[in-house]
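Trainee: The primary structure of each chain is shown beneath.
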Amino acid sequence: MRAPTDSVLLRLDDISLSFKGIKAITSISFDVKAGDICGLIGPNGAGKSSLLNVINGVYHPQSGSIRYAGRTRRRMRAHQAAEGGIARTFQNIALFKGMSVLDNVLTGRNLKRRSSWVEQMLRVGRAPREDDAHRLHAEQIIAFLQIHPWRHVLVGTLPYGLQKRVELARALASEPTLLLLDEPMAGMNAQEKAQMSQFIRDINHAFGTTVVLIEHDIGVVMGLCDHVVVLDYGRKIGDGTPAQVRANPAVIAAYLGT
Amino acid sequence: MQFFFEVLIGGLLAGVMYALVAIGFVLIYKASGVFNFAQGAMVLFAALTFVSLLERGFPFAWAFFATLASMVALALLIEKVVLRPLVNRPPIILFMATLGLSYLIEGLAQFLWGAQVHGLDLGIADEPLEIRGMLLSQFDLFAAATAAGLVLALSLLFNKTRIGLSLRAVADDPLASMAVGIRLPRIWALVWAVAGFVGLVAGLLWGARLGVQFSLSLVVLKALPVLIIGGFSSIGGAIVGGLIIGAAEKIAEIYLGPIIGSGIENWVPYVLALVFLLVRPAGLFGERAIERV
Numbered sequence: 001m002r003a004p005t006d007s008v009l010l011r012l013d014d015i016s017l018s019f020k021g022i023k024a025i026t027s028i029s030f031d032v033k034a035g036d037i038c039g040l041i042g043p044n045g046a047g048k049s050s051l052l053n054v055i056n057g058v059y060h061p062q063s064g065s066i067r068y069a070g071r072t073r074r075r076m077r078a079h080q081a082a083e084g085g086i087a088r089t090f091q092n093i094a095l096f097k098g099m100s101v102l103d104n105v106l107t108g109r110n111l112k113r114r115s116s117w118v119e120q121m122l123r124v125g126r127a128p129r130e131d132d133a134h135r136l137h138a139e140q141i142i143a144f145l146q147i148h149p150w151r152h153v154l155v156g157t158l159p160y161g162l163q164k165r166v167e168l169a170r171a172l173a174s175e176p177t178l179l180l181l182d183e184p185m186a187g188m189n190a191q192e193k194a195q196m197s198q199f200i201r202d203i204n205h206a207f208g209t210t211v212v213l214i215e216h217d218i219g220v221v222m223g224l225c226d227h228v229v230v231l232d233y234g235r236k237i238g239d240g241t242p243a244q245v246r247a248n249p250a251v252i253a254a255y256l257g258t
Numbered sequence: 001m002q003f004f005f006e007v008l009i010g011g012l013l014a015g016v017m018y019a020l021v022a023i024g025f026v027l028i029y030k031a032s033g034v035f036n037f038a039q040g041a042m043v044l045f046a047a048l049t050f051v052s053l054l055e056r057g058f059p060f061a062w063a064f065f066a067t068l069a070s071m072v073a074l075a076l077l078i079e080k081v082v083l084r085p086l087v088n089r090p091p092i093i094l095f096m097a098t099l100g101l102s103y104l105i106e107g108l109a110q111f112l113w114g115a116q117v118h119g120l121d122l123g124i125a126d127e128p129l130e131i132r133g134m135l136l137s138q139f140d141l142f143a144a145a146t147a148a149g150l151v152l153a154l155s156l157l158f159n160k161t162r163i164g165l166s167l168r169a170v171a172d173d174p175l176a177s178m179a180v181g182i183r184l185p186r187i188w189a190l191v192w193a194v195a196g197f198v199g200l201v202a203g204l205l206w207g208a209r210l211g212v213q214f215s216l217s218l219v220v221l222k223a224l225p226v227l228i229i230g231g232f233s234s235i236g237g238a239i240v241g242g243l244i245i246g247a248a249e250k251i252a253e254i255y256l257g258p259i260i261g262s263g264i265e266n267w268v269p270y271v272l273a274l275v276f277l278l279v280r281p282a283g284l285f286g287e288r289a290i291e292r293v
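Protein chains in written order, with my numbering: chain G, 1 to 258; chain S, 1 to 293.
Wrong hints could be hidden among the right ones.
Said to hold, decoys possible - Think about it this way: if two alpha-carbon atoms lie no more than 27 Å apart in a straight line, the pair counts; the simulated DSS-like pairs of lysine-lysine are:
no. : chain 1 : residue 1 : chain 2 : residue 2
1   : G       : LYS23     : S       : LYS160
2   : S       : LYS160    : G       : LYS97
3   : S       : LYS160    : G       : LYS20
What the hints assert, rightly or not - Which bits of chain S does chain G cover? Going by a derived footprint, with three or more residues having C-beta under 8 Å, they are:
no. : segment
4   : 157 to 170
5   : 254 to 267
Hints are computed from structural coordinates only; laboratory data are not their basis.
C-beta: ideal position from N, C-alpha, C; glycine also.
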């Protein structure tokens, strides 16, 4: 065990998770440094999405602990994660389909509203200025991700690639410290992937957001990430820089192929 | 012509009473996409608790707040025991749960307070008031004013506040709303508590009109056509739907009754609802579901 240093934003320590006896994750430990883009790779069913769900409190591991932003928890609760600055997107897009793009992004700002509901109802006190500030922030993020032409369109009617971007916008709206992206480029063509990679890089640079992402396209992962963790059958088989992982024999055998 | 307006306004005021019940459904539908079959039972529970406390010598305000507290407690209990274990299940499962819940609440109400019929006097004279030569029920005017106040407060709460946005988010996708930090249990408990409050108001007004008895839980049936016409997800829709039903049934009774036989006000609302289902299945103000397959 290394001593936790300040630059480690997230430390998973010996996390195990099982569902009714089926092991999804077996004693996984790794660190994510603040400001890094960390890639989680591995074959389907390797436990990558489960691991993200553990980090943002949807699943509670049977053993192990999560150290995030200097606090160690046995289990993270979903609202604690959100309040602590963890935002995420989902593999199968979990957007509010009946709401406009703008409203979806505004839900990401919801936790930041400080005025009371009485003030909000009557639009007095802190509420008007606060509402305007959140609206402005949401519009900035929408512009940043270049989805402004659709901001009043119902999300359910948008094509898949745009929905992926709206979901990213909503996650970003909460000004996250840690951004979890579950296959942000799944189902995209090469050009869309390049654009999404650029967005992720820009977010990382512009806001200093730490990113943990799951991706199957090895080329994208190797180009984008500072740090790669490889899972197979719920165990960690590789951990290091892209170059180290590429040279790791266990990874080559399990995943990259010969 | 004067007579026509008298009938029309009388009908509209009666419609407000239907809308009051319908609003309770809309609240829970908006928050969970579920038709809460237990709303009628909650109306009965509230009215029966209130009138029983009143008969045991509690002052009006005390009885009101004690009933309100019991409705909130009921809401918290429902959230913990019924809704929380069913998170992320399909809406039909939750619907079945509310079906069972309605029997449970009806039974509980009668177990606690007995099954007798109670009279309820809210202290509002039910004498007709003469306005511009038209005779209007004072009680109905009071009910309409109450409903108007309630609707205004609710629409501000649900359209302007963080709670409102959270509510729509929860209804749309519970998993996603967890990810943006919304606490599902809180939102559900809140919505059920507010629905309980609306049920209490409806229970008092309907109880004063019909007497507090078991059949009070059947006012649900009057709310159904209102919801179909107004749309399940709009409070404004529930009001407009209620007004349409109220006016239509009274006008039909007076003007069509003599031609095709009286007593038609009982089924006119359902015929109207059927027509709406054929022409505009989402109702006047309901959100049309957009689903990609």
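Trainee: Determine for every hint whether it applies to the structure shown.
Mentor: Here's how the hints hold up against the structure:
1. G/LYS23 <-> S/LYS160: Distance ~45 Å between G/LYS23 and S/LYS160 Cα, so the pair is violated.
2. S/LYS160 <-> G/LYS97: 20 Å, holds
3. S/LYS160 <-> G/LYS20: 43 Å, violated
4. 157 to 170: Coverage by chain G holds for the segment 157 to 170 of chain S (9 residues, Cβ < 8 Å).
5. 254 to 267: violated (count 0)
In this structure, the hints that do not hold are numbers 1, 3, 5, in rising order.
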